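Below, each chain spelled out in residue letters.
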Amino acid sequence: MTALAVTGLTKSFGGLRVTNGVDLTVASGERRLIIGPNGAGKTTLFNLITGELAPEAGTITLFGQDITRTPCRRRAHLGLARTYQIITLFPRDTILRNVELALLGLSGLRWNPLVGLDRQHHLASRAREALARVGLDHIADRALAETSYGERRRVEIAMAMAQNPRVLLLDEPFAGLSIDERRGVRESLAAIPREVTIVMIEHNMDVALDLADRITLLHFGEVVVEGTRAEVVADPRTREVYLGE
Amino acid sequence: MTLWLTLAVNSIAFGGLLFLLSAGFSLIFGLMRIPNLMHGSFFMLGAYFGVTLLAVGANFWVAALASALAMAIIGGGVERLLLRRLAGQELAQVLLTLGLSFVVSDLCLMIWTGDPWQPLAPSELRGVVRAGGMIFPLYRLAVVVIAVIVAVALWLMVDWTRLGAMIRAGVDDAPIARVVGIRVSRLFTLVFALGAALAAFAGVVGAPILSVYPGLDADMLPLALIVVILGGTGSLLGALVGSFLIGFLYNFGQARFPDLAYVILFLPMLIVLVVRPQGLFGRGGA
Amino acid sequence: MKGRSAASAGFGMLLGLATVPFWVGNSYYVDVASQILLFAVFALALNVLVGYGGLVSLGHAGLFAVSGYTAGLMLQAGFGHGAAAAGAVLVTLLASAVFAVLSLRSTGIGFLMITLALGQILWGIAYRWADLTNGDNGVSISTRPSPFGISLASAPSLYYATLVVFLVALAVMAAFERSPFGASLRGARDQARRMTALGYNVWLIRFLAFLFSGFWCSIAGLLYLYNKQFISPQVSALQASAEVLLMVISGGTATLLGPVAGATIVVITKYVVSAYVVRWNLVLGIIFVAIISFMPEGLVPGSVRIWGFAQRRWLARRATRKSLPGAPS
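Chains as they are written, first to last, in the working numbering: chain A, 1 to 245; chain B, 1 to 286; chain C, 1 to 329.
The reader is advised that the hints may include incorrect statements.
Examples of chain A residues lying across from chain C (beta carbon under 7 Å, computed) [to be verified]:
| id | residue |
| --- | --- |
| 1 | THR50 |
| 2 | HIS77 |
| 3 | LEU101 |
| 4 | LEU106 |
| 5 | ARG110 |
| 6 | ASN112 |
| 7 | PRO113 |
| 8 | GLY116 |
| 9 | LEU117 |
Because the hints were derived from the structure by calculation, they are not lab data. Computed from a prediction, not measured in an experiment: that's the story for all the values here. Quick reminder that beta carbons are idealized off the backbone N, C-alpha and C, glycines included.
Generate the whole structure from the sequences, applying the supplied hints.
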């Protein structure tokens, strides 16, 4: 069963073709790693998949459903979740409220102007559960401003997981973390059940390679190599991309 | 027929004045990404200043240039001392200029009272021109010529001098301009001062036609806004075309639909703002 | 301020508000008190967009005026108070919808300029379309409404009616702030792109917030008309939009009571200034410039910050003085 399929996806900014006819097929439950040098168009690919950017050409399907024209806000309801390369959390709120907002986005309750959000205990407890899964429930009531960078990365993951996604897009989840923090995030990711399909962009090879089933190498917006870890590592084009040119 | 022709001449003259007013506004908006809500204040304050100099016997052009210089100093001071403290917070800067416009408006009322001042045109430009059996006031034609001269001078400056190149770079992409060594902060001060000077000059030149009165700032600012929205921020050519367009719309609108004069003016601006907000505001927009 | 001290302060304020006609000198000042309350409602309405939504509008005086003018014109045309009020609310909601659809095409400065243009168009109509609005001469009404048969002709009775409306508005705003929808609006303010990816419809959230804001603007506009029994184009001018914005930013956008404090400050300052110093615009402008330059978060949070700092310094000084030999204890 194919969880996510992208065909011929193309996007330009002005004269620059950032995504050039990308084809990608990710099977359900797979852990796919997307690598490539800076500027390869990895984050743009994510933005196209989530709908934050509109493609010029190509299609995107989620579990067989064509979502190319589906507005971004609907895709979350269809089971797509993502984290961001640059942390984009809600700075004026607590960690708990951040996760609650992620849960609220999928609930009809978000339109309610009468009840108190603080009184929605079921929402709060689900949020605490999500935080527990990344080991942050002990500081759930702390203001985001008082948390460390590593903790914020884990909050991002908690928010994405709280949405119970079918496909999870992780954009450089290990960026800027210390060795201990990386271990924490790695454990959280490894604990994600196989029902969730994961597509991850990452530079940090030591941790990322472990988690990946298959790897896709992007360069200048195109898929250059794709295969299992062994295949990609052995492929001469991989060396070319990273060392040559 | 003569009515329309007279209206047409008045419109062209008014368009010339509008260009003098809007050119500075356009440069400020293009470079600093803020609509300078005290631009009308510079026009009015400059006009009052110039008219005062005229009343003590100064030569018309001396008064106009002295007023421009005075407003350049005030404008530069405002940018350097107040706006720069809010660098990067464009919304706050816009509100700051709004607050200052109230201050200037009341100060003018306090200093020059509520009576309108209407100086005579400079003696060499009084009188009329006869053409095709019709009579046109010489001064109005002169205003058009002045506007064209200033337009050419500005164009030469922007397209041919190093300063102009820096301004164009700043308008295109201020952060990158900084990276290549352009002192963008100083450029901001300079352009703001230049804009104020142009507005003041326009105020004095326009005084024989529009007179100077409390509320002149509130009358002129929306026009500058509309011209620049229509013509594009940071574009002198756009300001030129827009000015004459609005000059015509304003005069003919006032004559035909006095009740809806304001609506006629603002509607095209609204349409442009709504249809292409991103194209006009770049960084500052959506 | 937590718990008991907040509750007793709140009770004290409520008591003070409820007894205003008794301790305030004459009916002129009771009318001023009513105006403070109605402008507080107006400021709360604007704060929905500015504080919670992050959208600064310079055209809200237009909505305020639409309400007052609609009711005034309907009353002049012979309609009863109930119909006039309902008409005012409906027309203002319609205007708010138009404002929203046009201005939400943009955010930040674009939003500011579109709302400014819209406000100016309404002002232009009020000022120039004399056939409709009586232009500069304004619209006056001869009677105030009599809800449930109670006459509001006297200053104290109008004050109490305004107070009731204000308290209802405050309660509704408090509920709004704490609600999931309020949280969605603030989330859209802080991270619009992320909110969309989380499944929220950011445009619709802002649109509905605009209508909510417009509704309370219409209530404030009605209260204004009843208070002065007169409305003129000045009410919709750019200066009026700047004034209500000043109320919001001077009191602080982050708290519920901030706009209320701001309205109190601005209205009182306006009256004091007009009585002693002639030029209100000058003072308005200077205060505006000062607040923008030095306390962008508003007087209430700003002064809390400064007061807290001053308090800590004073306490620290007391502590060191006590520990010195020979110092009085």
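Checked hints:
Taking 7 Å as the C-beta cut-off, the interface hint given for THR50 (chain A) holds, the closest approach to chain C being about 6 Å. Proximity of HIS77 (chain A) to chain C holds as hinted, the smallest CB-CB distance being about 5 Å (cut-off 7 Å). Evaluation of the LEU101 (chain A) hint against chain C yields a held restraint, the C-beta minimum of about 5 Å falling below 7 Å. The interface hint given for LEU106 (chain A) holds, since its Cβ lies 5 Å from the closest Cβ of chain C, which is under the 7 Å cut-off.
Taking 7 Å as the C-beta contact cut-off toward chain C, the hint placing ARG110 (chain A) at the interface holds, the least distance being around 5 Å. Below 7 Å, beta-carbon pairs count as interface contacts, and ASN112 (chain A) has one with chain C at about 5 Å; its hint therefore holds. The interface hint given for PRO113 (chain A) holds, since its Cβ lies 4 Å from the closest Cβ of chain C, which is under the 7 Å cut-off. With its C-beta approaching chain C no nearer than about 4 Å, GLY116 (chain A) sits inside the 7 Å limit, and its interface hint holds.
Restraint check, LEU117 (chain A) versus chain C: the minimum CB separation of about 5 Å is within 7 Å; hint holds.
Of the numbered hints given earlier, the model fails none.
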